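So the sequences go chain by chain: A, B, C and D.
Okay, so the first sequence: first residue is 1 according to full-length UniProt numbering, each after it adds one.
Okay, so the second sequence: first residue is 1 according to full-length UniProt numbering, each after it adds one.
Okay, so the third sequence: first residue is 1 according to full-length UniProt numbering, each after it adds one.
Okay, so the fourth sequence: first residue is 1 according to full-length UniProt numbering, each after it adds one.
Because the hints were derived from the structure by calculation, they are not lab data.
Any given hint could turn out to be false.
The list cannot tell twin chains apart, which means a pair is met if one copy fits it or any two copies do.
[Unchecked claim] Below, simulated SDA-like cross-link-like pairs (lysine to any residue); rule was C-alpha separation at most 25 Å, straight line:
#1 101 x 170
#2 279 x 223
#3 58 x 23
#4 58 x 79
As the structure is a prediction and not an experimental result, all values here were calculated from the model.
There are 4 protein chains.
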Amino acid sequence: MTVFDDLESEVRSYCRNWPVVFDTAQGARLNDVDGRSYLDFFAGAGALNYGHNPPQLKEPLLEYLRRDGVTHGLDMYTVAKGEFLHTFEELVLRPRGLDYKVQFPGPTGANTVESALKLARKITGRESVINFTNAFHGMTLGALSVTGNSMKRGGAGIPLVHATPMPFDNYFDGTVPDFLWLDRLLGDAGSGLNEPAAVIVETVQGEGGINPARVEWLQGLADLCHRHEILLIVDDVQMGVGRTGPFFSFEIAGIQPDIVCLSKSISGYGLPMALTLIKPEYDQWGPGEHNGTFRGNNLAFVTAAAALREFWSDDVMERSTLAKGERIHDTLEELAGTARDGTLVPKGRGLARGLCFAQPGLAAKTCAAAFERGLLMETAGPSDEVMKIMPPLTITDAELEEGLTVVRESVGATLEGAAA
Amino acid sequence: MTVFDDLESEVRSYCRNWPVVFDTAQGARLNDVDGRSYLDFFAGAGALNYGHNPPQLKEPLLEYLRRDGVTHGLDMYTVAKGEFLHTFEELVLRPRGLDYKVQFPGPTGANTVESALKLARKITGRESVINFTNAFHGMTLGALSVTGNSMKRGGAGIPLVHATPMPFDNYFDGTVPDFLWLDRLLGDAGSGLNEPAAVIVETVQGEGGINPARVEWLQGLADLCHRHEILLIVDDVQMGVGRTGPFFSFEIAGIQPDIVCLSKSISGYGLPMALTLIKPEYDQWGPGEHNGTFRGNNLAFVTAAAALREFWSDDVMERSTLAKGERIHDTLEELAGTARDGTLVPKGRGLARGLCFAQPGLAAKTCAAAFERGLLMETAGPSDEVMKIMPPLTITDAELEEGLTVVRESVGATLEGAAA
Amino acid sequence: MTVFDDLESEVRSYCRNWPVVFDTAQGARLNDVDGRSYLDFFAGAGALNYGHNPPQLKEPLLEYLRRDGVTHGLDMYTVAKGEFLHTFEELVLRPRGLDYKVQFPGPTGANTVESALKLARKITGRESVINFTNAFHGMTLGALSVTGNSMKRGGAGIPLVHATPMPFDNYFDGTVPDFLWLDRLLGDAGSGLNEPAAVIVETVQGEGGINPARVEWLQGLADLCHRHEILLIVDDVQMGVGRTGPFFSFEIAGIQPDIVCLSKSISGYGLPMALTLIKPEYDQWGPGEHNGTFRGNNLAFVTAAAALREFWSDDVMERSTLAKGERIHDTLEELAGTARDGTLVPKGRGLARGLCFAQPGLAAKTCAAAFERGLLMETAGPSDEVMKIMPPLTITDAELEEGLTVVRESVGATLEGAAA
Amino acid sequence: MTVFDDLESEVRSYCRNWPVVFDTAQGARLNDVDGRSYLDFFAGAGALNYGHNPPQLKEPLLEYLRRDGVTHGLDMYTVAKGEFLHTFEELVLRPRGLDYKVQFPGPTGANTVESALKLARKITGRESVINFTNAFHGMTLGALSVTGNSMKRGGAGIPLVHATPMPFDNYFDGTVPDFLWLDRLLGDAGSGLNEPAAVIVETVQGEGGINPARVEWLQGLADLCHRHEILLIVDDVQMGVGRTGPFFSFEIAGIQPDIVCLSKSISGYGLPMALTLIKPEYDQWGPGEHNGTFRGNNLAFVTAAAALREFWSDDVMERSTLAKGERIHDTLEELAGTARDGTLVPKGRGLARGLCFAQPGLAAKTCAAAFERGLLMETAGPSDEVMKIMPPLTITDAELEEGLTVVRESVGATLEGAAA
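Extracted from the complex, chain A is given alone in its bound form:
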């Protein structure tokens, strides 16, 4: 590991908690150079919904490479891109009654968010954007300006402006009517709120602490945007592609955002890729007005198309995700029941699950205890107070149980340690 200490910037982070050198990985397991195997309740921060190197995608990828398919294509037309678009339309958009235009921005979550914000501002001629408490949308300046975390914001080195945070669902534990504040500000010509171009929202906040917005809150938000002629952007970078059950996390609310941001698991193989979906009437880009050198990552198109065919031709994956999510939830409830009232709170939706610790530091301690036991989990939330459980959607029931056993042991060890 000397090479990392010697050469890599201090910015590195995950490796500080998991100080081993990983080598290979399949499905829900990673293996380090010493031959130790780790069960994965992390899934590449949501980029590996189908697990590591899924064989159903690996073969098409190898075949494409072997036959020298175009690898890097910018926005040139390619066979691989055409097949992805066709498949995406057939298996994702059409069955859901969606008619989005598809933009390929630079292949990261931040890039799709940047493109969405730029487009919303262009369409409306307004500069301001509404974001939510504890939102995370990325680390480039535009995306960071709508992100909540103060440490990350501080890294910008300039004041982040043009965004105003509003309370996410349940920010006041249900004691305040939904949108009381935002609706009032928008309706008051003297409120001092700059008229927003758009609202950007995650249906379940991942980095923010696994906070799911209720269906009626999402519907209320869509309705509010419609009433005030504000665009609704759903950042489905982490919660899309089935993480919460359905392909798009907003499907349960029956809403149709004006712009949708996808990335992370869309390629299915951990390959960089991002999409910005735009309602046709808002596809007001000029040619090349937003671009990026790696927007045509054709290897990702190949695996993305294969993943759609493999996992989204029917509803098996969705049902399985919901069932596994319930299984985790039950375990977390059970753990919460063993602890003092309110000190452990289960959270989440689908396979985005969390356990919130009232006492600071215990979530991190639990993750460390789990790592010692061969399980990868990270924390989330503004004070890292949430233990985050995000296994691959393709995890087997046996692996899930194995992991939950480690979770139980780790939580137990942590609580014992805290009590001692």
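Take the given structure of chain A and dock chains B, C and D to it, following the hints.
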């Protein structure tokens, strides 16, 4: 092609000039679905310096995939990342006397530029940045704010602030002493220029029209930055990795920038990857203060390490690039000689070459004529007045001659058409 | 009036509602060129608390002019300035246990607000400021950025940033706990709120619609600022100098703001003057770091000192103001009682009073009806829904009754018209 | 003086160099409380062009006060305002062929500049403004953002954006063609300069160091603005009202700015007042879109009208100003002739004159020496390197000679001291 028309956003651009569907590619050639082959003087906008699917990299990539090496690793330690770092240190940094720390930002040029700007602001506690006329640094808000193109800037939808453009080398055709304006502003307490955190510069502006900065200008800039305690950021995203001859484009000036941005060809296989190189004393990031889901694209690390071993163990590539560059230059000079004085001006360095047309529209017409003849070239410059020649560095001499013949014919046809 | 139509900019406003040419004025009365007299329930928008041309101030002013006292002194030491400072200390600061340092910014409310914001940012090193819904602080860029009115904000022509509006007292009619939102945002490291340098607040919002903040709300705000180490700026430009009873409007809450803005009635004769009062530990200005050519308006110092001696040597003025305020309040309550429930709502504190009309346009109609009857009143509030009653504090009881009679008639006429 | 030390903010500045208490003043003389008389080569920083308490204005002012003319009128129509407008039109606008609309902003230079910038942005829909090196336009945020001085800019506490400084005339001592940089940036779609709404310029920079722009430079600037459809704002706050000879300082260039800012000496008596003059086609304000409580300072209107009648009914004042200016210039040239080449450089136009000292600190020393000899002068320039001579325009020839004698002695004493 219907699928693209139906589904893809209006933002798409290259495909508008090259309305065919590409399928496979090797070296300096792409093939479309109708079996037609195209010679490539474009090289993925600089991301394919070693050509399409180079066999020396393909085999390690296939092998890594076959054996289920970790594909997506964020900033976890992996064997592939360690090998890349080790190789980069041994073949790139150490021989050049450079001791940069290596940051892996999100895998695009814009992301490395964003990280560089954030870090420079953090280090200095200043907000402002100096950029240059006709600079291109990327499309996310931070990167866009230091980019010159007014169409692209307009896409931001907010006023782009915190950057002040200064004249790039030769902006006044040598009639004004270098840095007269910038040096004066910095030395005048009443100038009204916000004290800058950093200067960001390309040694050869690619998108800006293939404008090379002279060695003495780069040295003067480094000296000015040093005198005024401003950080020097070289954006080597397009011109690095050998495009102008040496690995880093700034080597010819003997300068050591404080921060270097690399992307595009660093992976060698067109795979998304980016590096931010930071002088050790400026590696002041906190853990996770800048990150990105795809910052651990291990497939790219595998091909990047292989590319370094294959192409940068000796100086064969560098000498070959310079020689091929001269060959193109001679051809362009010859073409210029046949035209009315000053109507065709050759530009460039190494294998970043351009031919500037005095008459608007002729560069685009020439590129169109070349496409009809099976050659891919794009335009550059604020008014698309430059025909840009950027073949893979690995192009064979025969392919280069073939391409230059098409260039000659295409220029000839265009000039004839213009005269008619 | 042709000269105004021909020469004056379209920006003029009051003259549009009161299309007569005024000539002379004494106390609570103005006279136009046609000899008509108008009773003044407007008081120069709060700049004429002692009425027009008060004789007690006029004589010292004439005397100072006659003897060629220095008129314009910037921040040179002058006898007039020294006497003002001495008097201000003796009659205002010391009796109230306040030890503010006194800054003389440019002689307008906007200038003192600008100086306060600059100083708060300098002291804290933070850029952001918290303001309140329906706040009004001035029309220069800094002051406008913390002002609520959307029409006025729109006039800036640039996005107004670095300020975040919070709900003023009673914004939700008491249904939401005070500071729920602000306190939560400040305590949440993931809220996305930029850490504020200061909170700026009016104790009674004048332009915003005569909205008084309750004593306990002001105390809660001071406490919140203290807990979060944020500076508290009270903009007492309109409500200071006795408008609500005590000299400083915040006295009733027993709080000591870190910075206080005074202007409007401080000179006592309608002469331009402004003060920024600064807690000694925060007087961190460098010499000349904020200035203004007219910051030494010595005529204003003369009348200001005379006014303090005349009106603030005892508590007669304060008690009289409170009594007159009650008198108005009773009348407004009586009017409200005659109307349909909730359609007329009395508001205010001291001699800053308002009557809120549920039906849009009726407040303006009532003011027009009053003008026809020889009474000057203006509207306030985001939709001009409030009839604003702000007579000179020195108005006689007889004049007050006369004016209230006109108010009764005008409201009656308006309601009748609306019902018809 | 204890009261000032005890109570006044550290921001005070002039009093630090002139630590006496002034009491009365007439014409070009001030008197302190100890009976000492000072000759005034400072003129209230340009606000006292007609000297202190000019008797021709004093009598109308006293009369207006005596008869209780309206003092404070906001933008209500008053007799005093009507007379000012009428007189301004008759004696200033019409004879010069100007048809400006007149706006009364808040009564300070900063306020007129703020209104001008807001209006220019509103008209054009653009945010950016071009200012010049060493410009001074005021201390509120909008005005400060176009001001050069780094100490003053630093006081803002936020990054000042939306303005780009360009080289003022002679910034490179004539070695670079006028507007080379600005013209090139505006004509280059890739320059990265945000398209400006306006250019704001002083014809002679006062605070910046008494830098006069040549007639042909001003004409070139007007022409450039016209060609690029940018509004031209002349800030004539200090140089207007005859300081350089003609009423408007830009008259010598024969240009007609789109917007003109006036303040300082417009009232003639040191009373706060400001005007924004707007070409009729650009008077696009909505009613009340920019305002200010003290915009109707009727005492200032009375003296302003009297001043126009007294001093601007013929060209006597203008010719006298030019003659006196020449007299000062001759003295400064003579002084320069006695010093080593280039160490003393006379500068200026009309009665805005300066002597630039090559050696830092000597200008301040000379002003201190003059103060000891009973003469008030201040320094200017980014490093306070210029001794600034700005007497009242009404100074008598004898007083002028007396002052110049002190100047000669003071410069002599300083140079001797420096040589020692």
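These are the hints, each one checked on the structure:
no., hint, in the structure
1, 101 x 170, "neither (33 Å within a copy, 43 Å between copies)"
2, 279 x 223, "within (17 Å within a copy, 46 Å between copies)"
3, 58 x 23, "both (17 Å within a copy, 19 Å between copies)"
4, 58 x 79, "both (18 Å within a copy, 20 Å between copies)"
Hint 1 from the list above is the single one not met by this structure.
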